Amino acid sequence: MGQQPQPSEFEARTNAVYEALMWALSRPGLVRNLPDRGVAQVVETLIDMECAVHCDTEEMRGPIGRCGASIVDPEQADHLFFARQPEPEILRQLRMGTDLHPEDGATLIGTARLGEGSRLRLTGPGCDGPVAIAVKGLSPAFWAERARISRYPLGFEMFLIDGDRVVGVPRSVQVEVL
Amino acid sequence: MAYVATRGGENAIEQSQRLFRAEMGAVTPERVAETRSAMPYLIDRVMGEASLYEEDLAALALAQTGGELYEAVLLLRAWRTTQPRLQVAAPVTQDRLFTHRRISAAFKDIPGGQVLGPTLDYAHRILATEVLSGDTHIPEPVNPSHSPAPAHYPSVAAWQAANDLFSAPVPDTTLGNDIPDITREPLLFPAKRAHSLQSLARAETGGVLALGYAAQRGYGQAHPTVNELRLAEAEVVVRHPRGTAFSAGRVKISQAEVVNNKRDQLELGFAATLGWNEVKVIAAATLDLNARGAEKGSATEEEFFLYHTEGVESSGFCIHFKLPHYVTFQSSLDAMRDARAQRAAKVTDKQPEPAE
Chain A
319 MGQQPQPSEF EARTNAVYEA LMWALSRPGL VRNLPDRGVA QVVETLIDME CAVHCDTEEM
379 RGPIGRCGAS IVDPEQADHL FFARQPEPEI LRQLRMGTDL HPEDGATLIG TARLGEGSRL
439 RLTGPGCDGP VAIAVKGLSP AFWAERARIS RYPLGFEMFL IDGDRVVGVP RSVQVEVL
Chain B
10 MAYVATRGGE NAIEQSQRLF RAEMGAVTPE RVAETRSAMP YLIDRVMGEA SLYEEDLAAL
70 ALAQTGGELY EAVLLLRAWR TTQPRLQVAA PVTQDRLFTH RRISAAFKDI PGGQVLGPTL
130 DYAHRILATE VLSGDTHIPE PVNPSHSPAP AHYPSVAAWQ AANDLFSAPV PDTTLGNDIP
190 DITREPLLFP AKRAHSLQSL ARAETGGVLA LGYAAQRGYG QAHPTVNELR LAEAEVVVRH
250 PRGTAFSAGR VKISQAEVVN NKRDQLELGF AATLGWNEVK VIAAATLDLN ARGAEKGSAT
310 EEEFFLYHTE GVESSGFCIH FKLPHYVTFQ SSLDAMRDAR AQRAAKVTDK QPEPAE
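Going down the list, the sequences are from chains A and B.
Letter 40 of the first sequence, counting from 1, is numbered 358 in the working numbering, and no numbers are missing.
Letter 148 of the second sequence, counting from 1, is numbered 157 in the working numbering, and no numbers are missing.
With the rest of the complex left out, here is chain A (with noise of 0.2 Å):
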């Protein structure tokens, strides 16, 4: 049966969005290139009313409730968007899946600079060898709170986001701020 559906704006939008994030999480560390500038991309695209999110501004609120999704505390969401720099603290309280289910574990979005910042040396699945790249935006003790609660499977997926450039950390991936 020959004919391919057509995708409508959204799916061409939010496929162009998605394949670069899937991207980013399979090359750690490579700065991947999203169609737009900002985080409201990867809200349409990742967020649906089976979402539970966190965000930690207000500005966000409205974007994520049009997708359905409930707004909730860090212990519960699957998803956490932020705007302002993540305090370590807050990667205590978040969801880390078990090991029957890694795959509730929670993906963590930040805004960053890319290029600039602390120096960080990536090592694992999908890195061809060490990756070095420098982020501002996140303290050096919230990369070694990250690495002393980890541990894979369990675990959390980051994407940081600088305009239209992204980076993914995936839990399998170790960190070292240099």
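Read the hints as simulated data drawn from the structure, not as lab findings.
None of these values were measured; they are calculated from a predicted model.
C-beta atoms are modelled at their ideal positions from N, C-alpha and C, and glycine is treated no differently.
Please note that a few of the clues may not be correct.
Simulated DEER-style distance windows between Cβ atoms [stated by the list, open to error]:
(1) B:S307 with A:T441: 47 to 57 Å
(2) B:Q339 with A:E362: 48 to 58 Å
(3) B:A353 with A:T441: 24 to 34 Å
(4) B:T192 with A:S326: 20 to 30 Å
Listing some non-contacts, in silico: residues in chain A with all C-beta distances to chain B over 12 Å [unchecked claim]:
(5) L348
(6) A358
(7) Q411
(8) P420
(9) G435
(10) T441
(11) P448
(12) R483
Add chain B to chain A, keeping to what the hints say.
For chain B alone, kept in the frame of chain A given last:
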């Protein structure tokens, strides 16, 4: 399972698919519309097994697969996975169902009375062969009754519970996204109640009947009496973003409650599915009734019947045996030849075992 990669036969594969589709000819909107209107019970069966209530898509799937039911259900389930989830509808209770048919084989005088509705239960089964010689078979028109029957009827089980005949199940207050969903989660055992009922609802009709019938004939522990059989339409009540609850339409559903009266209280088995499919819900409710305390590995044990009535998995497993198993089969042949050679060698040189 070691398969060889299929290579070099691309044209043969393409032509084999064309052969399959050439047999049924063009799939036209008219054919889909005719399938939908002429075969509501087949559409219902396919929609129930696909867990997707969409009559046009079900008719299209049937037309496109030439009525190969497993393929049609697989097409619909695959299509279903591509769709976004917009809302979780409000729960429906039996007494709010727009009821076309509700009968009880256990009690003659149930509250609201027996409502026969559409059925062939008491019909002569005679093939209308005159159609093949050119006549049109026009069904006799229904004589409307003087006053319309009520749309809603109370639940028979609720009436029995009120009369102390059995203890009503504890209501489950789980709502929305918290309701376990078998279309998203693996079936694990002991199964959640929601998973069991959802699995039965989307189970393959023939499989449910075979195992349910086995239980009814005596391979189960409990003999069912149909306490209530209902064909109805359920309102799909969803919520507008502004907060207003409204009905987005109605879906046909069937449900059966069967009871066992062996003990000092009635025991209840329940099943419901999308679409009107009486055989399936009675057989499924029988399995549900028999599941409690069933022996491990018996056909009335939940793990056994839920796994083996899953139509897409079972038909897929069955037909996968057609795929090339050349490597595994060659390896078994080698092992067989080797064993034979070793046996032959033992016979020819019957040397005494070396002394220890």
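Quick rundown of the hints versus the structure:
For S307 (chain B) paired with T441 (chain A), a C-beta distance near 53 Å keeps the hint of 47 to 57 Å intact. Judged by the Cβ atoms, the range 48 to 58 Å given for Q339 (chain B) and E362 (chain A) holds: they are separated by roughly 53 Å. As the Cβ distance of A353 (chain B) to T441 (chain A) is approximately 58 Å, the hint placing it in 24 to 34 Å is violated. One distance hint, 20 to 30 Å for the beta-carbon pair T192 (chain B) and S326 (chain A), holds here, with the actual separation near 23 Å.
No Cβ of chain B comes within 12 Å of the Cβ of L348 (chain A); the nearest lies about 30 Å off, and the non-interface call holds. With 12 Å as the threshold on Cβ separation, the claim that A358 (chain A) sits away from chain B holds: the shortest Cβ distance comes to roughly 18 Å. For Q411 (chain A), the shortest C-beta to C-beta distance to chain B comes to about 21 Å, beyond the 12 Å cut-off, and the non-interface label holds. Under the 12 Å C-beta cut-off, the non-interface status given to P420 (chain A) relative to chain B holds; the minimum distance is some 14 Å.
Annotated as non-interface, G435 (chain A) keeps its C-beta farther than 12 Å from every C-beta of chain B; the closest such distance is 38 Å. Separation of T441 (chain A) from chain B is adequate, the least Cβ-Cβ distance of about 33 Å exceeding the 12 Å criterion. Its beta-carbon lying about 36 Å from the closest one in chain B, P448 (chain A) satisfies the requirement of being farther than 12 Å from that chain. With a cut of 12 Å on Cβ distances, R483 (chain A) stays outside the contact zone with chain B, its closest approach being about 28 Å.
Hint 3 from the list above is the single one not met by this structure.
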